[in-house]
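Novice: Sequence:
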Amino acid sequence: MAQPAVHPRLAEALSSLFGSAKGSNCDVQFCLQGADAAAGGAELGPPVPAHTFALGHTSERFQAQFERWQDAPPAETRGQEGLLQAGGKRLLLRVPLGSEVELPAALLALRFAYTGQVHASSIREALGMLRVGDYLGIEGCAAACCQWLADRLAATAAKAGSSETAEPAVLQLYACQDLWPSDDPSFVAVLSFAKVQLVRRFGSTIHALNEAVLLNQVAALPAAGMEALLESDDLGTGSEDSVLLLLAKWMKVNWARTDAATRQRLCGLVRLTQLSPQVTAIEAWRKETREAQAAAGAPGWHSNSPRKQCIPEEGIPLPFSISKEALRAELEGLRRGQHAQANASFSDGHLVAYAQGLAWSVFVQYHHGEEAAGLYLRPQISHNYAVPGSGLAAGSVPRCAFFVDADLTVNRRQEAGGLSAVSIMSYSRKAHMKLGEGLGVRAAFPLSPQLPAAPGAAAARDVLLARWAEYAHEGSAVTGTLTLLPPK
Numbered sequence: 042m043a044q045p046a047v048h049p050r051l052a053e054a055l056s057s058l059f060g061s062a063k064g065s066n067c068d069v070q071f072c073l074q075g076a077d078a079a080a081g082g083a084e085l086g087p088p089v090p091a092h093t094f095a096l097g098h099t100s101e102r103f104q105a106q107f108e109r110w111q112d113a114p115p116a117e118t119r120g121q122e123g124l125l126q127a128g129g130k131r132l133l134l135r136v137p138l139g140s141e142v143e144l145p146a147a148l149l150a151l152r153f154a155y156t157g158q159v160h161a162s163s164i165r166e167a168l169g170m171l172r173v174g175d176y177l178g179i180e181g182c183a184a185a186c187c188q189w190l191a192d193r194l195a196a197t198a199a200k201a202g203s204s205e206t207a208e209p210a211v212l213q214l215y216a217c218q219d220l221w222p223s224d225d226p227s228f229v230a231v232l233s234f235a236k237v238q239l240v241r242r243f244g245s246t247i248h249a250l251n252e253a254v255l256l257n258q259v260a261a262l263p264a265a266g267m268e269a270l271l272e273s274d275d276l277g278t279g280s281e282d283s284v285l286l287l288l289a290k291w292m293k294v295n296w297a298r299t300d301a302a303t304r305q306r307l308c309g310l311v312r313l314t315q316l317s318p319q320v321t322a323i324e325a326w327r328k329e330t331r332e333a334q335a336a337a338g339a340p341g342w343h344s345n346s347p348r349k350q351c352i353p354e355e356g357i358p359l360p361f362s363i364s365k366e367a368l369r370a371e372l373e374g375l376r377r378g379q380h381a382q383a384n385a386s387f388s389d390g391h392l393v394a395y396a397q398g399l400a401w402s403v404f405v406q407y408h409h410g411e412e413a414a415g416l417y418l419r420p421q422i423s424h425n426y427a428v429p430g431s432g433l434a435a436g437s438v439p440r441c442a443f444f445v446d447a448d449l450t451v452n453r454r455q456e457a458g459g460l461s462a463v464s465i466m467s468y469s470r471k472a473h474m475k476l477g478e479g480l481g482v483r484a485a486f487p488l489s490p491q492l493p494a495a496p497g498a499a500a501a502r503d504v505l506l507a508r509w510a511e512y513a514h515e516g517s518a519v520t521g522t523l524t525l526l527p528p529k
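Note that my numbering has the sequence shown beginning at 42, numbered continuously upward.
Honestly, the hints are just simulated from the structure, not real lab data.
Each hint should be verified, as a subset may be incorrect.
Calculated lysine-lysine pairs in the DSS-like style (CA-CA distance at most 30 angstroms, straight line) [as the list claims (entries may be wrong)]:
| id | residue 1 | residue 2 |
| --- | --- | --- |
| 1 | K293 | K365 |
| 2 | K349 | K529 |
| 3 | K529 | K475 |
| 4 | K236 | K349 |
| 5 | K236 | K290 |
| 6 | K290 | K475 |
| 7 | K365 | K529 |
| 8 | K293 | K471 |
| 9 | K349 | K293 |
| 10 | K293 | K236 |
| 11 | K349 | K471 |
| 12 | K63 | K290 |
| 13 | K290 | K349 |
Distance windows between CB atoms, simulated [unchecked claim]:
| id | residue 1 | residue 2 | range |
| --- | --- | --- | --- |
| 14 | V47 | R102 | 47 to 57 angstroms |
| 15 | N257 | Q104 | 45 to 55 angstroms |
| 16 | A184 | E354 | 41 to 51 angstroms |
| 17 | Q305 | R109 | 45 to 55 angstroms |
| 18 | H380 | H514 | 19 to 29 angstroms |
The beta-carbon is built from N, C-alpha and C at its ideal position, and this holds for glycine as well.
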């Protein structure tokens with residue numbers, strides 16, 4: 042076992058001197074950059090007792106100041122970064138900071154000069170400490186901060202899948218892009234690891250688009266985060282169309298915060314050759330447009346490598362439900378020759394699920410007097426494509442056939458108790474669908490016989506749903522599952 046370079050008692054004693062007046066022969070005063078040093082204005086916090094032997098041996102910046110003061114006249118020396126008080130008895134080191142927000146990180150960097158340890162409590166603090174430590178020239182501070190960041194990323198990655206109470210470290214890192222160092226080789230390694238963790242965080246476009254928490258986190262990413270997702274071969278998807286939709290959703294939220302160059306760079310990461318014929322048929326992807334983008338530098342546009350298929354053989358289930366209130370509202374007042382239509386809700390109350398780059402809605406339809414109700418699946422263009430210059434905005438999409446590989450089932454209560462999934466329809470390339478039009482089965486599930494009308498308004502409302510009782514579950518009138526399947 043290697044012997045410690047410094048005796049533990051000595052290291053402990055040195056660490057305990059941070060902020061202590063014991064043996065202190067100077068003070069560090071943080072202040073706002075540009076403040077009048079002679080007037081002592083804009084000081085940030087009280088002076089911190091310090092020791093020239095500790096700061097001089099760990100910081101090139103402080104050592105240079107000490108050497109300048111040793112050569113200066115003994116009376117008094119003033120400046121933005123230093124002041125020798127009257128009588129020459131005690132040095133006051135003035136350290137300018139850009140704002141008061143930087144003070145906690147500056148104190149952490151100063152503490153590192155004594156302890157050699159990172160005492161940050163958050164990603165932002167560690168990045169701020171890295172920046173100030175580099176500014177003060179504190180030896181080893183930047184490398185230690187980068188190691189702390191890498192360890193924090195690894196620790197939270199190991200907990201992935203468990204119930205999270207705090208924002209994942211990788212998202213915290215991308216939220217602090219304004220603090221990233223531009224030329225630190227240690228941070229380059231941290232960022233490379235973070236990109237891997239970011240892709241693992243979202244996993245696939247199917248999960249990112251259909252889980253509200255993940256979708257909100259994608260929308261909050263800076264352009265660098267979105268770029269990391271789009272350029273990765275490990276971002277799973279059902280089709281490249283969904284990658285385009287994920288970018289459209291991000292762009293819808295972040296349009297005002299991006300410039301044309303950034304948007305062009307991100308669009309250039311979509312793998313054009315992997316998009317469906319339905320999307321590539323749109324005028325926005327004309328040959329001359331592709332050539333212009335390629336000339337400008339678009340690494341994804343001519344990539345022949347498909348992304349990782351994210352849909353397992355058993356499929357990805359997307360449960361849906363129709364509330365009793367919604368169905369009752371549609372059935373009330375229904376007359377001969379009319380039909381009622383109630384839309385289903387997916388997780389988090391969303392009225393659509395996302396797959397194949399489209400928004401898919403499920404709805405039931407009941408025609409007055411019939412003994413069964415219908416269940417349908419309908420494709421739509423997402424409203425997120427309604428951004429300036431989009432060729433997929435409403436009204437600009439050609440009338441062509443769309444499809445999805447999926448199974449549609451409804452849950453039905455059994456006489457012996459429990460529920461069973463009743464298959465309604467399987468969708469594939471053979472089941473072509475038109476935008477805005479539902480495809481399903483008109484007599485998808487039979488209803489119970491009509492009960493006699495009961496007196497009283499409340500009783501009458503209950504009778505409306507009595508025929509649907511076999512499908513009621515967990516407070517909903519109808520429940521079922523749209524299961525996305527891998528391409529066949």
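Novice: Hint by hint, say whether it matches the structure.
Specialist: So, going through the hints one by one against the coordinates:
1. K293 - K365: 34 angstroms, violated
2. K349 - K529: Holds, at roughly 15 angstroms.
3. K529 - K475: 20 angstroms, holds
4. K236 - K349: Given pair K236, K349 holds - Cα atoms ~17 angstroms apart, limit 30 angstroms.
5. K236 - K290: 20 angstroms, holds
6. K290 - K475: Holds, because 22 angstroms separates the two Cα atoms, which is no more than 30 angstroms.
7. K365 - K529: 36 angstroms, violated
8. K293 - K471: 33 angstroms, violated
9. K349 - K293: 25 angstroms, holds
10. K293 - K236: 23 angstroms, holds
11. K349 - K471: 24 angstroms, holds
12. K63 - K290: Not satisfied, since the Cα-Cα distance of roughly 58 angstroms exceeds 30 angstroms.
13. K290 - K349: 21 angstroms, holds
14. V47 - R102: 47 to 57 angstroms: 23 angstroms, violated
15. N257 - Q104: 45 to 55 angstroms: Given a distance of about 48 angstroms, which is inside 45 to 55 angstroms, the answer is holds.
16. A184 - E354: 41 to 51 angstroms: Taking Cβ atoms as reference, A184 and E354 lie about 46 angstroms apart, which means the hint holds.
17. Q305 - R109: 45 to 55 angstroms: 50 angstroms, holds
18. H380 - H514: 19 to 29 angstroms: 24 angstroms, holds
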